[in-house]
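Given only the sequences and the hints, what does the whole structure look like? Please build it.
2 protein chains.
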Amino acid sequence: MNNFQLHMPTKILFGEGQIAAISQEIPQGAKVLILYGGGSIMKNGVYAQVKEALTGFDVQEFGGIEANPTYDTLMKAVELIRAEKLDFLLAVGGGSVIDGTKFVAAAVNYKGDPWEILTKGGASVTNALPFGSVLTLPATGSEMNCGSVISRPSIGAKLAFLSPLCFPKFSVLDPTSTYSLPTRQVANGVVDAFVHTIEQYLTYPVNAPIQDRFAEGIFLTLIEEGPKALANPLDYGTRANIMWTATLALNGLIGAGVPQDWATHMLGHELTALHGLDHAQTLAIILPALMTIKQDTKHAKLLQFANRVWGITKGTDEEKIAEAIRKTRDFFEKMGNKTRLSDYDISEESIPKLIAKLKEHGMTALGENQDITLEVSEDILRLAL
Amino acid sequence: MNNFQLHMPTKILFGEGQIAAISQEIPQGAKVLILYGGGSIMKNGVYAQVKEALTGFDVQEFGGIEANPTYDTLMKAVELIRAEKLDFLLAVGGGSVIDGTKFVAAAVNYKGDPWEILTKGGASVTNALPFGSVLTLPATGSEMNCGSVISRPSIGAKLAFLSPLCFPKFSVLDPTSTYSLPTRQVANGVVDAFVHTIEQYLTYPVNAPIQDRFAEGIFLTLIEEGPKALANPLDYGTRANIMWTATLALNGLIGAGVPQDWATHMLGHELTALHGLDHAQTLAIILPALMTIKQDTKHAKLLQFANRVWGITKGTDEEKIAEAIRKTRDFFEKMGNKTRLSDYDISEESIPKLIAKLKEHGMTALGENQDITLEVSEDILRLAL
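Order-wise, the sequence lines are chains A and B.
UniProt numbering puts the first residue of the first sequence at 1, with every later residue one more than the last.
UniProt numbering puts the first residue of the second sequence at 1, with every later residue one more than the last.
Check each hint, because a few of them may be wrong.
The list makes no distinction among identical chains, and a pair is therefore deemed to hold if it is satisfied within one copy or across any two copies.
What the hints assert, rightly or not - Derived lysine to any residue pairs resembling SDA-like cross-links, with alpha carbons at most 25 Å apart:
no., residue 1, residue 2
1, 359, 152
2, 43, 314
3, 327, 127
4, 334, 209
5, 228, 204
6, 51, 349
7, 158, 52
8, 120, 24
9, 314, 4
10, 320, 307
11, 228, 205
12, 51, 63
13, 169, 27
14, 228, 300
15, 320, 308
16, 43, 231
Keep in mind the hints are simulated off the structure, nothing from the lab.
Shown next as structure tokens:
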């Protein structure tokens, strides 16, 4: 395997009733700011549990963090924290709220213009407020990693940063906190976690058998549990299995020591930006086409994926690979995500615009071999029509 | 799955040449104590690499930590640290050196008699010196957990403690640091990691599919890589795969949210204490007998183990289980560990002595259901003759 450094310092509190345990994880006497999104936590009981758990702490609140958290909104939280001298943050929500809280944590004591955190990158962060999270939407893995994506619509920017100072101190994963999610969001989370795993698995072999086995374990679990979530949305066990598996798909573990791709995500981001599709929808469209176009360099891992994940043992190599791609596509469709651009009324007229955006964003050499040029991206998009 | 709390804060630096990176992980200006064992690190080049990496730090050394680290030896290190006001520890060695360093870290500023750390347990630890490790022997998982076992021969005691303050800040896993190990120790490490995984897997189902898949991934990797280590001891890839897999077998990950057993280890410890067998030898003896005796309560997981790990699909349930136990026994034998008490000239005359020791140590209700009574332990030992 390749050399790696792996750090997963976030303490996980998993299971029904674990919100009550946060009082043990926050320093006594801390002045806490609860950050949240559109207010769904008021309806599903999570807010009440958090407030109850924080009895005895000095607590303030900041709501309204958007689905794609914006710099302007988050800087209002930064001002509040500075004015009130708050010293511990608690993100209550999904990946957007946690991503936003990471930026706020890094910005409060930042020397200089906090926008630099995104333009200069996480290395510019030398101090961050401590924070924890209560997760209500499993998908992004933000609850156990140190990455964050922030938007600034006024200048058309959406940028990411990673800082080792921005791991949550703890994250509560209570599956019952996800009960009020629409089934579509749960299904999207399954597809997102599946593709996160693909991006860290479907490259070329580097003799890393345990990373492969763990990734295949995530695939098999999502394939088994995903349809159960559609059939029986409020089953605790299914929600629990999806929630923990989605975290494991992007906490650094399965990607340590192996090549990574991420081209599907990059192409997908442009589809969301241009056509407003759900993130999971874009992945479901791009991945089957990318697997088909890149089966040359991904040949060995595609065969392993066909055999170990889909149990395909018959046919030529090409037939096995085609069958694995077909089964992957069927799985996405079964999870409610159509897999063709035309399913979303996107025609080939969009392709030049998407390619122009990829070029504008410097996405001209994607994939584990940097060989997904703009020409290859165009082939992928055409095949996805 | 069951509720759980999981914390894995140790940063892993994995791969050839990573010892050089420790200078980035130790606070500048730290006064460092290197702790080590019998001096093998002088011969295999690890010591020289560590010293080179610590250029510019104030460094002292403490050698002679035993294979079963003793309180008396470790207290000498504590005295040295107090006298010289050292403030960062670096364990260089295997599980014993790391376990010993954890105790030293907790003892230096302990208010009261440090032996209480073992008699009162890790909850009595309110402060510990920071420490890192450079691992030279993969097996125990001590490099990424917060557990430690310390002996005090003068009063016949061997006790464990766990403290959340005693996670290594970082651990270097450089597979080349294990090149000088005798093949027998590498093989023993494979068996030890296999049985660590069994103890967290072979219980009863709690609808925890991702934990099961990860554990099965560890089994399959050890089954594939173990024999390669015997055939080609100095192959980097094999050493790397065994080293990382052994860490993953006991860093908390696969045991989070599932029942655990540990009876094989408890019975094995008495065999080591009474007859001086290697730890892995004792596990190879006890486990096949325990699997046979406890196939009633472990029935469902034994069938899953037979199918997913050993690929057994034919026969009655009882035949499948018998075949899985046979294959497990064969694997241990292939790894150089005989699996019968009689292979080590231990006869049934020892059994009453072993049972008396289990009783003396309070091991009267072992296993995930606390139903491995002294009578059941005796059945297991008799079957292992």
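Taking the earlier hints as the rules, which of them does this structure contradict? Of the numbered hints given earlier, those the structure breaks are 2, 3, 6, 7 and 9, listed in rising order.
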